[in-house]
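Engineer: Residue numbers (our numbering), protein chains in the order written: chain U, 243 to 728; chain A, 243 to 728.
Heads up, the list lumps identical chains together, so a pair's fine if it works in one copy or across two of them.
Straight-line Cα separation of at most 20 angstroms, EDC-like style, residue types lysine to aspartate or glutamate; simulated pairs:
1) K326 <-> D244
2) K254 <-> E345
3) K254 <-> E338
4) K254 <-> D295
5) K442 <-> D465
6) K453 <-> E276
Worth flagging that the hints you see were computed from the coordinates, not collected in a lab.
Here are the chains, one letter per residue:
Number of protein chains: 2
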Amino acid sequence: MDNYENLLNTYKKSTILESIGEALQWDQEVMMPEGALPIRSQQSSTLAALKHDILTSDEMSVLLVSLEDEDLNSDQSANVREIKRNFTRAKKIPNELVRELSETTIQGVESWKIARQSNDFKIFLPSLRNVFALSTKVAECIDPNTHPYEVLLESYEQDMSVEEIQRHLNTIKEHFVPLIARIKDQEIDNSLLTNDIDVKKQIDFNRFIAKAIGYDFSKGRLDVSEHPFTACYGRITTRYNTGWWSAISGTIHEAGHGMYEHHLPLKSFGLPLGQYCSMSIHESQSRFWENNIGKSKPFWRKFFPNLSNSYGLDVDLEKFYKIINKVEPNLIRIEADELTYSLHIILRFEIELGLIEGTIKFEELPEVWNQKFKEYLGIVPPTDSLGVLQDIHWSWGNIGYFPTYTLGSMIAAQLFAAAEDAIPHLANNIEQGNFENLRSWLNDNIWCHGKRYLTKELIRKATGKDPAPDDYVDYLKTKYSEIYAL
Amino acid sequence: MDNYENLLNTYKKSTILESIGEALQWDQEVMMPEGALPIRSQQSSTLAALKHDILTSDEMSVLLVSLEDEDLNSDQSANVREIKRNFTRAKKIPNELVRELSETTIQGVESWKIARQSNDFKIFLPSLRNVFALSTKVAECIDPNTHPYEVLLESYEQDMSVEEIQRHLNTIKEHFVPLIARIKDQEIDNSLLTNDIDVKKQIDFNRFIAKAIGYDFSKGRLDVSEHPFTACYGRITTRYNTGWWSAISGTIHEAGHGMYEHHLPLKSFGLPLGQYCSMSIHESQSRFWENNIGKSKPFWRKFFPNLSNSYGLDVDLEKFYKIINKVEPNLIRIEADELTYSLHIILRFEIELGLIEGTIKFEELPEVWNQKFKEYLGIVPPTDSLGVLQDIHWSWGNIGYFPTYTLGSMIAAQLFAAAEDAIPHLANNIEQGNFENLRSWLNDNIWCHGKRYLTKELIRKATGKDPAPDDYVDYLKTKYSEIYAL
Numbered sequence: 243m244d245n246y247e248n249l250l251n252t253y254k255k256s257t258i259l260e261s262i263g264e265a266l267q268w269d270q271e272v273m274m275p276e277g278a279l280p281i282r283s284q285q286s287s288t289l290a291a292l293k294h295d296i297l298t299s300d301e302m303s304v305l306l307v308s309l310e311d312e313d314l315n316s317d318q319s320a321n322v323r324e325i326k327r328n329f330t331r332a333k334k335i336p337n338e339l340v341r342e343l344s345e346t347t348i349q350g351v352e353s354w355k356i357a358r359q360s361n362d363f364k365i366f367l368p369s370l371r372n373v374f375a376l377s378t379k380v381a382e383c384i385d386p387n388t389h390p391y392e393v394l395l396e397s398y399e400q401d402m403s404v405e406e407i408q409r410h411l412n413t414i415k416e417h418f419v420p421l422i423a424r425i426k427d428q429e430i431d432n433s434l435l436t437n438d439i440d441v442k443k444q445i446d447f448n449r450f451i452a453k454a455i456g457y458d459f460s461k462g463r464l465d466v467s468e469h470p471f472t473a474c475y476g477r478i479t480t481r482y483n484t485g486w487w488s489a490i491s492g493t494i495h496e497a498g499h500g501m502y503e504h505h506l507p508l509k510s511f512g513l514p515l516g517q518y519c520s521m522s523i524h525e526s527q528s529r530f531w532e533n534n535i536g537k538s539k540p541f542w543r544k545f546f547p548n549l550s551n552s553y554g555l556d557v558d559l560e561k562f563y564k565i566i567n568k569v570e571p572n573l574i575r576i577e578a579d580e581l582t583y584s585l586h587i588i589l590r591f592e593i594e595l596g597l598i599e600g601t602i603k604f605e606e607l608p609e610v611w612n613q614k615f616k617e618y619l620g621i622v623p624p625t626d627s628l629g630v631l632q633d634i635h636w637s638w639g640n641i642g643y644f645p646t647y648t649l650g651s652m653i654a655a656q657l658f659a660a661a662e663d664a665i666p667h668l669a670n671n672i673e674q675g676n677f678e679n680l681r682s683w684l685n686d687n688i689w690c691h692g693k694r695y696l697t698k699e700l701i702r703k704a705t706g707k708d709p710a711p712d713d714y715v716d717y718l719k720t721k722y723s724e725i726y727a728l
Numbered sequence: 243m244d245n246y247e248n249l250l251n252t253y254k255k256s257t258i259l260e261s262i263g264e265a266l267q268w269d270q271e272v273m274m275p276e277g278a279l280p281i282r283s284q285q286s287s288t289l290a291a292l293k294h295d296i297l298t299s300d301e302m303s304v305l306l307v308s309l310e311d312e313d314l315n316s317d318q319s320a321n322v323r324e325i326k327r328n329f330t331r332a333k334k335i336p337n338e339l340v341r342e343l344s345e346t347t348i349q350g351v352e353s354w355k356i357a358r359q360s361n362d363f364k365i366f367l368p369s370l371r372n373v374f375a376l377s378t379k380v381a382e383c384i385d386p387n388t389h390p391y392e393v394l395l396e397s398y399e400q401d402m403s404v405e406e407i408q409r410h411l412n413t414i415k416e417h418f419v420p421l422i423a424r425i426k427d428q429e430i431d432n433s434l435l436t437n438d439i440d441v442k443k444q445i446d447f448n449r450f451i452a453k454a455i456g457y458d459f460s461k462g463r464l465d466v467s468e469h470p471f472t473a474c475y476g477r478i479t480t481r482y483n484t485g486w487w488s489a490i491s492g493t494i495h496e497a498g499h500g501m502y503e504h505h506l507p508l509k510s511f512g513l514p515l516g517q518y519c520s521m522s523i524h525e526s527q528s529r530f531w532e533n534n535i536g537k538s539k540p541f542w543r544k545f546f547p548n549l550s551n552s553y554g555l556d557v558d559l560e561k562f563y564k565i566i567n568k569v570e571p572n573l574i575r576i577e578a579d580e581l582t583y584s585l586h587i588i589l590r591f592e593i594e595l596g597l598i599e600g601t602i603k604f605e606e607l608p609e610v611w612n613q614k615f616k617e618y619l620g621i622v623p624p625t626d627s628l629g630v631l632q633d634i635h636w637s638w639g640n641i642g643y644f645p646t647y648t649l650g651s652m653i654a655a656q657l658f659a660a661a662e663d664a665i666p667h668l669a670n671n672i673e674q675g676n677f678e679n680l681r682s683w684l685n686d687n688i689w690c691h692g693k694r695y696l697t698k699e700l701i702r703k704a705t706g707k708d709p710a711p712d713d714y715v716d717y718l719k720t721k722y723s724e725i726y727a728l
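Hey, can you work out the whole structure from these sequences and the hints?
Structural biologist: Printed below as a string of structure tokens:
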């Protein structure tokens with residue numbers, strides 16, 4: 243099995259370079275002064291090109307061919323299957339294009355930041371145009387016979403087609419839109435969320451709550467960035483300039499990602515068996531903790547006294563629970579309630595498709611955004627910073643990523659339903675701030691498997707059925723029927 | 243000239259990987275939680291091995307040969323000279339050894355940290371032994387016919403031999419030891435230095451003073467680490483747990499390094515013309531600002547009111563100037579006064595030689611350290627943390643580095659004397675906190691040249707003579723004769 247070991251060692255070099263790229267990206271978002279960009283940009287593009295060189299080397303090709311007739315066990319087969327897939331995709335993208343895309347996204351992040359801060363879409367426009375053009379080129383190199391968006395989506399979720407995703411999104415829309423309509427008239431006073439809380443206090447509470455659910459600070463960190471994210475072996479960020487609740491739910495969301503990263507099998511670091519299954523699964527982990535746990539009553543039964551005490555909140559638990567679950571069109575995706583959230587995703591899904599197909603013009607994007615926003619959510623963003631410029635994803639080149647959020651929410655609900663069946667007294671555990679059984683269930687069913695199974699098989703094994711919106715719809719219907727006494 | 247361009251591009255990949263390694267090292271020292279070490283360790287060793295692969299590739303060899311008969315201009319010659327030197331040295335070190343040394347130093351830094359924190363030399367002992375054994379192996383691979391210490395020294399200063407350095411150190415010792423003896427009886431009360439100053443205030447002042455001398459926060463940062471250092475495009479650190487003055491002089495020292503890094507020609511980033519000349523020159527820049535500027539009266543004439551006000555210091559400028567220049571044996575090298583400093587270096591120089599030659603046993607190092615300390619400085623460290631464990635250098639594998647500090651001080655004094663001749667009213671400028679002329683002189687004479695010239699030629703061009711201890715001895719004799727009215 244020398245060839246197998248050699249394949250793993252060579253492949254691992256490429257994924258370790260990728261993990262270093264992530265460390266640089268974390269640094270760029272969280273620590274790096276802007277004037278270091280010319281250096282960072284060369285570092286990141288050199289890494290991306292080298293990673294690509296190694297992944298697509300003749301050595302890899304020879305080793306993969308040599309293993310075609312080998313008798314592999316299931317672990318080995320899973321590793322080879324994913325390595326081969328990545329090799330095959332990467333092999334089709336010219337080095338020059340890889341380099342160009344990497345440089346463009348580095349510049350893209352910076353110009354997005356400045357554009358967002360100065361509420362000037364035009365600053366971001368050239369980068370955005372480039373990112374989409376280069377990404378479309380990449381898709382066409384990988385598979386010229388398939389719709390480029392389908393190909394881009396496969397970077398984040400290889401196990402579900404655009405058609406399938408569209409079907410799930412439609413089901414969700416069909417159930418949620420009438421539900422939202424029934425809720426619209428209701429009134430919950432959530433002005434509490436605009437309370438001005440000392441940032442030092444907030445940092446303490448956010449660290450406390452991340453630790454409480456099991457986020458491991460001996461491996462990771464909690465910092466501040468323009469947009470919350472998880473990278474560099476599960477380091478997480480949040481932000482304190484969009485309200486104290488937004489900070490908390492951001493922290494819990496990212497801690498979900500972080501715990502997944504920290505529990506991937508370390509012995510397979512850099513290999514498929516040590517990597518996350520798919521972005522849908524990754525997002526299911528963050529949204530599981532953010533929503534199914536972090537917006538639940540049992541959870542706050544445990545932690546609300548602490549929060550209320552520290553932040554000086556003048557409400558009771560019942561009121562607080564309603565406030566954090568209030569259904570209300572929000573300008574910002576990551577602050578949306580669970581029901582309207584999917585409308586934010588559908589909007590982005592349509593825009594990405596439109597930009598790639600040319601039916602939406604880049605320079606018209608702010609208007610298109612605002613128009614669609616009005617149509618789906620009934621409000622218009624007063625500024626582009628609060629509208630089309632709110633997300634970092636496009637500047638990172640992550641096109642086709644957004645749908646995985648709703649898939650993640652959907653899968654999270656399905657996992658939570660299965661966990662409720664599997665773990666006796668789960669609600670009780672949560673009420674006591676005891677997440678050990680839950681983490682252990684997630685570890686056994688999701689975290690420990692790495693990329694052994696694709697999304698559907700992983701979820702079938704964990705829940706007994708294919709990923710589908712049923713549990714998600716049930717969960718939110720029940721939850722909101724109770725909150726709004728429907 | 244395609245071959246020349248290809249050579250630069252290939253070489254640059256290796257130096258960019260090196261710069262990424264520095265970014266990871268900065269992160270490890272300043273930001274990384276300990277539990278991420280297993281990942282970081284794999285990242286760093288992968289980078290080091292890849293860097294080595296590229297630098298020693300057949301491609302490099304072929305390109306270098308192809309340029310042997312080319313007519314190169316002086317810029318090109320300088321680049322090729324240094325690239326060839328690095329290629330030739332690296333080519334002789336087996337990949338496996340590179341990987342091993344890199345992994346050992348990663349572990350070394352962590353075990354040094356723990357050993358230092360828990361004052362337990364035994365924790366660091368295995369790593370220390372490994373680092374020296376592997377470094378000696380490296381030296382023997384590079385040149386089996388030369389004393390390994392000479393070969394290791396060349397990593398930091400290729401332009402001066404051990405014999406030359408020994409000669410300079412002896413001259414310095416001959417002048418300083420009697421001077422120190424004459425001072426010994428004098429008494430300056432420096433208990434002020436143990437004043438407890440609020441760390442937030444200190445951070446503000448340290449940022450202020452770094453900025454005042456010209457350190458560019460748009461490119462770099464000032465953070466806290468166990469041991470002050472500069473890395474990752476001129477980011478600097480200091481520490482606040484060893485006294486407020488130690489923090490300030492650490493900051494000014496590192497800001498000197500940082501300004502050098504920030505002013506190396508960006509267009510030649512990753513190429514010899516964009517790299518620092520030698521560690522002696524790098525240290526000359528840090529010690530120039532730390533000592534010749536940052537411990538001078540004109541400097542504090544400008545900044546003392548501010549400092550005194552912020553820190554609530556109950557002394558006048560004259561007293562303060564004497565306190566920060568008090569000659570007194572200090573346990574800690576980086577807190578030593580300018581006169582006793584070189585004794586710290588001579589001690590380390592002898593120990594490094596002894597460890598490599600086997601005349602000093604690793605397990606006896608704490609005793610040897612303390613014994614020599616007693617002999618040279620008349621005091622004995624009460625703990626190993628304040629003794630043999632105080633410096634990070636050995637854990638990093640930087641053996642042969644220490645002498646460059648005294649060479650740096652020596653060169654700094656020579657540069658300062660030349661700057662005084664070249665810049666009208668330099669003392670006046672300093673008194674006004676105006677360092678523009680000085681920075682511009684340093685830029686024109688040192689910073690802008692990168693590695694165009696070796697140390698001696700660079701210093702000859704800047705000062706009209708070879709690096710020598712004369713100006714250094716004069717400077718300190720004059721300074722201390724005045725302070726102690728000798």
